[in-house]
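Line order of the protein sequences matches chains A and B.
According to numbering that gives the first Met the number 0, the residues represented by the first sequence are 0 to 494, in order.
According to numbering that gives the first Met the number 0, the residues represented by the second sequence are 0 to 399, in order.
Hints in this document: simulated from the structure, not taken from any laboratory.
None of these values were measured; they are calculated from a predicted model.
Among the hints, erroneous ones may be present.
As the list claims (entries may be wrong) - Derived lysine to aspartate or glutamate pairs resembling EDC-like cross-links, with alpha carbons at most 20 Å apart:
hint	chain 1	residue 1	chain 2	residue 2
1	A	Lys166	B	Glu60
2	A	Lys188	B	Asp347
3	B	Lys246	A	Asp306
4	B	Lys121	A	Asp111
5	A	Lys417	B	Glu56
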Amino acid sequence: MPLRLPEPDTNVIENKKQIIYDLNKISSNIIHTDDEIRPYETDGLSVYRQKPIAVILPETTEEVSQILRYCHENKIKVVPRGAGTGLSGGSIPLADCILLGMGKFNKILETDFDNRCVVAQPCVTNLAITESVQHKNYYYAPDPSSQLACSIGGNVAENSGGVHSLKYGTTTNNLMGAEIVLMDGTVLKIGGKHLDSEGYDLLGLITGSEGLLGVVTEVTVRILKKPESVRAVLIGFDTIEDSGNCVADIIAKGIVPAGMEIMDKPLIIATDNYAKAGYPRDVEALLIVELDGTSSEVDTLIDKVLDIAKMNKASYNRASNSDAERLRFWKGRKAAFTACGVLAPDYICMDGSIPRNKLADVLGHINKLSKKYKLNVANCFHAGDGNLHPLIMFDSNNPAEMKKAEDFGADILKYCVKVGGVLSGEHGIGVEKRELMCEMFNDNDIQQQLNIKNAFDKNNLLNPGKVFPILHRCAEGGRMHIHKGKDKFPNLPRF
Amino acid sequence: MSGFYSAKSEQEVSDFIFENFNKSSPLEIVGYNSKKIGRIIQSSQTLSLGSMSGILEYFPEELYIKVLPGTSIEEIESELRKKNQFLGFEPNDLGYIYSGKSNPGSIGGVVSCNLSGPGRYKNGALRDHVLGFKAVNGSGAKIKSGGTVVKNVTGYDLSKVISGSYGTLCAVTEINLKVSPIPEHEETFLINNIDYIQALEIFQIALDSSLEISGACFFPHDNVSFLTLNDVKKDTSALGLRIQGPKTSVIERIQSLKKIFKDKSVIILDVYQTSIFWREVKNLEGYANTDDSICKISLPITNMRNFIKYFENVKYKYFLDWGGNVAWCSLSNQQDLDQMRIFCLKHDGHLTVLRADDNFRKSEEFLTYSNSSLRILSKKLKESFDPKGILNPNKMYSGI
Ligand SMILES: Cc1cc2nc3c(=O)[nH]c(=O)nc-3n(C[C@H](O)[C@H](O)[C@H](O)COP(=O)(O)OP(=O)(O)OC[C@H]3O[C@@H](n4cnc5c(N)ncnc54)[C@H](O)[C@@H]3O)c2cc1C
Numbered sequence: 000m001p002l003r004l005p006e007p008d009t010n011v012i013e014n015k016k017q018i019i020y021d022l023n024k025i026s027s028n029i030i031h032t033d034d035e036i037r038p039y040e041t042d043g044l045s046v047y048r049q050k051p052i053a054v055i056l057p058e059t060t061e062e063v064s065q066i067l068r069y070c071h072e073n074k075i076k077v078v079p080r081g082a083g084t085g086l087s088g089g090s091i092p093l094a095d096c097i098l099l100g101m102g103k104f105n106k107i108l109e110t111d112f113d114n115r116c117v118v119a120q121p122c123v124t125n126l127a128i129t130e131s132v133q134h135k136n137y138y139y140a141p142d143p144s145s146q147l148a149c150s151i152g153g154n155v156a157e158n159s160g161g162v163h164s165l166k167y168g169t170t171t172n173n174l175m176g177a178e179i180v181l182m183d184g185t186v187l188k189i190g191g192k193h194l195d196s197e198g199y200d201l202l203g204l205i206t207g208s209e210g211l212l213g214v215v216t217e218v219t220v221r222i223l224k225k226p227e228s229v230r231a232v233l234i235g236f237d238t239i240e241d242s243g244n245c246v247a248d249i250i251a252k253g254i255v256p257a258g259m260e261i262m263d264k265p266l267i268i269a270t271d272n273y274a275k276a277g278y279p280r281d282v283e284a285l286l287i288v289e290l291d292g293t294s295s296e297v298d299t300l301i302d303k304v305l306d307i308a309k310m311n312k313a314s315y316n317r318a319s320n321s322d323a324e325r326l327r328f329w330k331g332r333k334a335a336f337t338a339c340g341v342l343a344p345d346y347i348c349m350d351g352s353i354p355r356n357k358l359a360d361v362l363g364h365i366n367k368l369s370k371k372y373k374l375n376v377a378n379c380f381h382a383g384d385g386n387l388h389p390l391i392m393f394d395s396n397n398p399a400e401m402k403k404a405e406d407f408g409a410d411i412l413k414y415c416v417k418v419g420g421v422l423s424g425e426h427g428i429g430v431e432k433r434e435l436m437c438e439m440f441n442d443n444d445i446q447q448q449l450n451i452k453n454a455f456d457k458n459n460l461l462n463p464g465k466v467f468p469i470l471h472r473c474a475e476g477g478r479m480h481i482h483k484g485k486d487k488f489p490n491l492p493r494f
Numbered sequence: 000m001s002g003f004y005s006a007k008s009e010q011e012v013s014d015f016i017f018e019n020f021n022k023s024s025p026l027e028i029v030g031y032n033s034k035k036i037g038r039i040i041q042s043s044q045t046l047s048l049g050s051m052s053g054i055l056e057y058f059p060e061e062l063y064i065k066v067l068p069g070t071s072i073e074e075i076e077s078e079l080r081k082k083n084q085f086l087g088f089e090p091n092d093l094g095y096i097y098s099g100k101s102n103p104g105s106i107g108g109v110v111s112c113n114l115s116g117p118g119r120y121k122n123g124a125l126r127d128h129v130l131g132f133k134a135v136n137g138s139g140a141k142i143k144s145g146g147t148v149v150k151n152v153t154g155y156d157l158s159k160v161i162s163g164s165y166g167t168l169c170a171v172t173e174i175n176l177k178v179s180p181i182p183e184h185e186e187t188f189l190i191n192n193i194d195y196i197q198a199l200e201i202f203q204i205a206l207d208s209s210l211e212i213s214g215a216c217f218f219p220h221d222n223v224s225f226l227t228l229n230d231v232k233k234d235t236s237a238l239g240l241r242i243q244g245p246k247t248s249v250i251e252r253i254q255s256l257k258k259i260f261k262d263k264s265v266i267i268l269d270v271y272q273t274s275i276f277w278r279e280v281k282n283l284e285g286y287a288n289t290d291d292s293i294c295k296i297s298l299p300i301t302n303m304r305n306f307i308k309y310f311e312n313v314k315y316k317y318f319l320d321w322g323g324n325v326a327w328c329s330l331s332n333q334q335d336l337d338q339m340r341i342f343c344l345k346h347d348g349h350l351t352v353l354r355a356d357d358n359f360r361k362s363e364e365f366l367t368y369s370n371s372s373l374r375i376l377s378k379k380l381k382e383s384f385d386p387k388g389i390l391n392p393n394k395m396y397s398g399i
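Work out the full structure, taking the sequences as your base and the hints as a guide.
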């Protein structure tokens, strides 16, 4: 599939030599030969590739600021990049862009136990934050499955979550402060080691903005004390409906587990084969519920959860009795993507969020679509917060199949929106779901977002072509203010 | 022409704002108009959202409620209570500091201030509980963002931005809020007769444990008299630690606290007393009958001690909440307030005025800018919603 990105600026491409020469004066870590930049051509959405004009790897905030100012003044597009694990193509370069690799910002600057936070550079991995504080029994709560590799700056850009987001929230709920550099080079500190930054919540706005509003050069994140006790239960069901109902019942009974995950049969088998997790192989749906707190609290809650499971016709259950056993329960789930890689040459991972009570409905629909498109699909969900990850399997050597897989994915997301959900729970829109934004938003909504983009980056140079549709307009809804028949920001290439 | 317009629907809000947009005529947006929070606005038009009231959807097992902006906090809370749920950010009832008695106001007003109760440091702020909204921006366009699900990265997260924006960006016409289960049981571990230095040390020890403390406040000896419980002494300082959860676990954790603080003078407040005690904390009820300015000092915990020490000889009242991350203060001297604001700015924090007299509201700032770049960006952000600056102009900051 050719990837549609905004029209490259031929001036910039022709000026490549001069640009590299100029940028070299700001930072000597600049690479541009084909071989060197190959690793930067794509991200976790690896079906698309694109070479930038050069990759620059700054080492200080000052360098980032100067690079951005230079690009701002010379109208050169910039794409920020963390670890490149993003699944929606957010850090895929443009042909006329400078790729701003944050890889050298890889230090933990401070572990502050008194204020219960860590100050880190953006390319520190998510897991490294926990590792820096675990000797004192602290951890950083949001735990994307990619935590070994993904960067905390990327997490901020995508508002990443994980299996524990149900109880502990996603990145946005755990970020206390950030230093960001705007496209014009302005360096801003927002928030800090206190709670609630004052004024407009710029921290909240930056989080999940997919690298479109500013480059994150430092973060302050909240750390939590490890709970005294953590246990997990595996619960098997004969139908997906029963597992979905069980999840709804657990919540309705006032229990907020640390995590609740469901896998369907194809994934149970695949992950069990791959990770030898000891899953029951004769159930249609497997629910993992993790509970944490004080020992007696956890034990009480486990009993309650098992009772609720029984009422929902669970056919299998097993509670962990040691940490090793608990971790084994998770081993399969956490290897879901890798296990899927064994089932098919390629897969794409979708990421819709839906109301919990629509789980069975949506899964039924996905199965119908699977038959229609003649492509296999395996499903895992962060069931507690209604976040689905259908994994659509295909063979990218067959272009027709790839197109089918994309259409299949789009149909799933449209259905998510139809039942009251959203296009992305945690992977972001990027280039992948850009054109689907109109399923959720009309022109007014998008225009408001573009106005904000304009306030931060008036020439639309920072990560353009991502998040917002570029191929068409969304349906008109309500009143849009068009001044003298003109678009307010005609310079923004959009729709 | 001055006017008071009470809108009944989103369309009416849109029409009214559009009309004023065309005339470049500033307007004040109000809920019940019960609190003079923020700076004084020069406008001849008032747009009230107070009669757009009602619960549109409530799905307890989906953990959200969708309401119109003029819905009262009482109505929302009483509806949630029927299903054993509550608003996890524990909305402060500012009625006490504004009119001496309970008057929590409308949800629209509450969201516009982004204030949160005692559980803030554990359960998040108000802004963490806004899942989505509909609104009309300053050019009259109906806009929306977010949804009803907790996980959502679909466009910029504007729910955060409208929380605490004092109605300066848009008129919110519908709000989706996350709701939480009411903990099964709660008790309070109360330590008497300590000074602020010890209090901050106790916070550190208690919050550094795995005991999941969901409230941690401290009243110095000269600011306890308003607490109504008979069991709370009126002449000595009091530090409260709130423990919530399944009953067995609460009891167990109280025992653990007793062991940790065995040399301290301790009282345990039962479930009934606990709810009264924390209501008084949350609503700043101690400042109900004063003409002083009331403000929120937000600092890193480790700077709070220096703050109190630095202002030891100044005449003001304070109490600490959020495990020492916030001090709620009451003071009458403007210069002292300015000094405190400067201190906060120098020490990675800020001071927000919650209530002040009309003189102050005319000429002084309620909020603080840490630097000019932030001011420029905030102004641009405001313009991106409200290009002609007609929505609550100057309410949040002078010139914005
Ligand atoms: C196997 C696998 C499992 C995954 N599991 C999860 C999961 O469980 N939960 C989840 O939420 N995600 C998951 N992801 C997705 C991905 O890991 C996250 O989105 C992650 O946050 C991306 O971080 P990154 O450093 O790789 O960012 P990149 O991919 O490099 O960039 C992602 C976006 O962030 C922007 N960006 C990066 N750094 C900065 C910066 N410093 N300043 C400004 N913008 C920046 C980029 O421009 C881009 O738009 C998974 C991915 C993989 C491959």
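Each hint, compared with the structure:
This hinted pair checks out: A/Lys166 and B/Glu60 have alpha carbons roughly 15 Å apart, not beyond 20 Å. For the proposed pair A/Lys188 and B/Asp347, the alpha carbon gap of about 10 Å is at most 20 Å, so the pair holds. Between B/Lys246 and A/Asp306 the CA atoms are separated by roughly 19 Å; this keeps the pair inside 20 Å, and the hint holds. Taking the CA atoms of B/Lys121 and A/Asp111, the gap is near 17 Å; set against the 20 Å cutoff, the hint holds.
Between A/Lys417 and B/Glu56 the CA atoms are separated by roughly 17 Å; this keeps the pair inside 20 Å, and the hint holds.
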